[in-house]
Amino acid sequence: MAFLEVKNIQKSFGRTEVLKDISFSLEKGEVLAIIGSSGSGKTTLLRCINFLETPQMGNIIVNGEVLFDGDDPSKKKDSEIRKNRLHFGMVFQQFNLFPQYTVFENLVLAPKLLAKEKIKENGEYRGATTYKEAVESINAEAERLLDKVGLSEKRDEYPCNLSGGQQQRVAIARALALDPDVLCFDEPTSALDPELTGEVLSVIKGLKSSESTMIVVTHEISFARDVADRVIFMADGVIEEEGTPSQVIEHPQSPRTQAFLSRFNQYSD
Amino acid sequence: MDQFWSVSLQLLEGFKENCILFGVTLLFALPLGLLIAFGSMSGFKPLKFLCRAIVWIIRGTPLMLQLFVVCYIPPLLTDGSFKFKERMTAAMIAFIINYAAYFSEIYRGGIEGIPKGQYEAGYVLGMKKSQIFFKVVLLQVVKRIVAPMSNEIITLVKDTSLARVIMVPEILKYAEDFTKINGLIWPIFYTGAFFLIFCGVLTLLFRFIEKKLDYYKG
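Respectively, the protein sequence lines represent chains A and B. The opening position of the first sequence corresponds to residue 165 in our numbering, with each subsequent residue numbered one higher. The opening position of the second sequence corresponds to residue 11 in our numbering, with each subsequent residue numbered one higher.
Derived by calculation from the structure, the hints in this document are not laboratory data. Since we're looking at a predicted model, the values are computed, not measured. We put the CB at the ideal spot given by N, CA and C, even for glycine. Hints should not be assumed to be uniformly reliable.
Claimed, not checked - Not the full set, but computed from the structure, chain B residues with beta-carbon under 10 Å of chain A: (1) 95; (2) 98; (3) 131; (4) 132; (5) 145; (6) 149.
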């Protein structure tokens with residue numbers, strides 16, 4: 165059984181069917197790139213996986229644990245969704261950092277709230293038995309993550325004083341601070357000036373390891389080709405083509421994939 | 011000179027009433043306004059329409075009329091068996107309801123102006139709705155509403171003189187008494203100084219708060 169299994173996801177807004185029976189699976193440590201034109205449903209799929217949208221049908225299973233089942237109302241309760249969400253991290257197109265907190269505070273806010281709650285409930289949070297102990301390890305982890313995204317010297321700055329690329333790197337560190345099983349990126353470079361996309365993409369590339377499983381919705385075809393283990397091309401709410409980067413990007417079979425990719429190649433070579 | 015001081019002290023006595031009305035109105039209208047704001051943003055339709063109707067009625071009629079309604083309708087309805095012992099109580103009720111309606115719209119604007127992404131970022135980080143409101147959204151709302159709030163609160167200072175129409179002994183009433191009893195006109199105009207000073211202090215206070223919240227943008 166695969167690490168992440170997404171089965172038969174169907175999502176409509178009113179009468180518009182945005183996702184029509186989407187299924188895919190992902191092994192631990194794999195990077196999946198989802199490409200496709202605007203309106204093909206890529207972002208909606210990512211939002212469904214993060215429970216920001218509730219699909220009408222389908223299952224989401226991580227590591228054998230059923231996190232979402234369209235037929236099981238108990239999986240749609242707020243408290244259940246909140247708990248299951250922590251299996252996933254999300255990096256948004258618009259960063260969505262909290263403007264009133266410093267970079268460092270952005271990283272530790274959610275983990276600290278969670279630690280307080282968990283210690284109250286179970287007397288334990290990731291090996292720490294007191295809140296103070298938990299905070300120490302949360303802080304240390306935040307420092308480590310800031311170093312990883314190359315922003316240690318910005319730890320006490322407010323987001324408004326950072327460039328878009330730096331803000332997005334903070335957002336990545338913030339998502340990692342909760343140690344999600346699967347990290348999702350929703351067009352992480354689409355809101356950036358072209359000269360800033362490189363720094364963000366190389367941070368994402370640097371995260372690739374046998375432990376980190378990632379889903380990246382992107383328009384950066386060359387990034388998908390270089391970094392992804394698998395590529396999905398979506399069109400009109402269905403998976404039109406799926407495979408390795410070499411299969412989908414270098415040798416697309418479907419005429420729609422070919423047409424989509426040829427529009428990119430027109431300008432890029 | 012002696013006369014000036016005794017008039018000043020008398021007017022100050024009257025202005026104390028304005029200050030009490032101001033303080034009590036703020037104390038109750040600020041939280042009540044927040045409740046009305048939540049009501050008018052509620053997904054529960056009847057509550058939403060009720061709150062919006064209240065806001066419409068309160069904002070759509072003069073405060074002076076509302077003072078008359080609060081002060082005189084209860085005695086009329088109860089055939090005179092219920093009367094406000096203190097006219098001030100009636101003034102407070104009218105002011106609290108009136109200002110809560112205005113405040114609620116300011117809150118609503120502030121809350122609805124927060125980008126959806128702030129909530130979503132909180133959700134994907136596993137935060138509860140209440141945590142998102144208090145830890146993420148609230149301070150941003152405060153920052154957004156300081157300017158319109160200060161405007162409204164400064165208006166409230168001057169509106170307190172309207173309580174005069176239901177015979178609350180506030181500063182203008184005292185000044186008029188000087189005219190009627192002592193034949194002095196100038197105390198009427200002198201009252202302006204009290205309002206000016208009070209509003210001046212408030213302006214400085216709000217400027218201070220705005221500066222305090224200026225450490226971040228967005």
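Broken hints, numbered, in rising order? 1, 2
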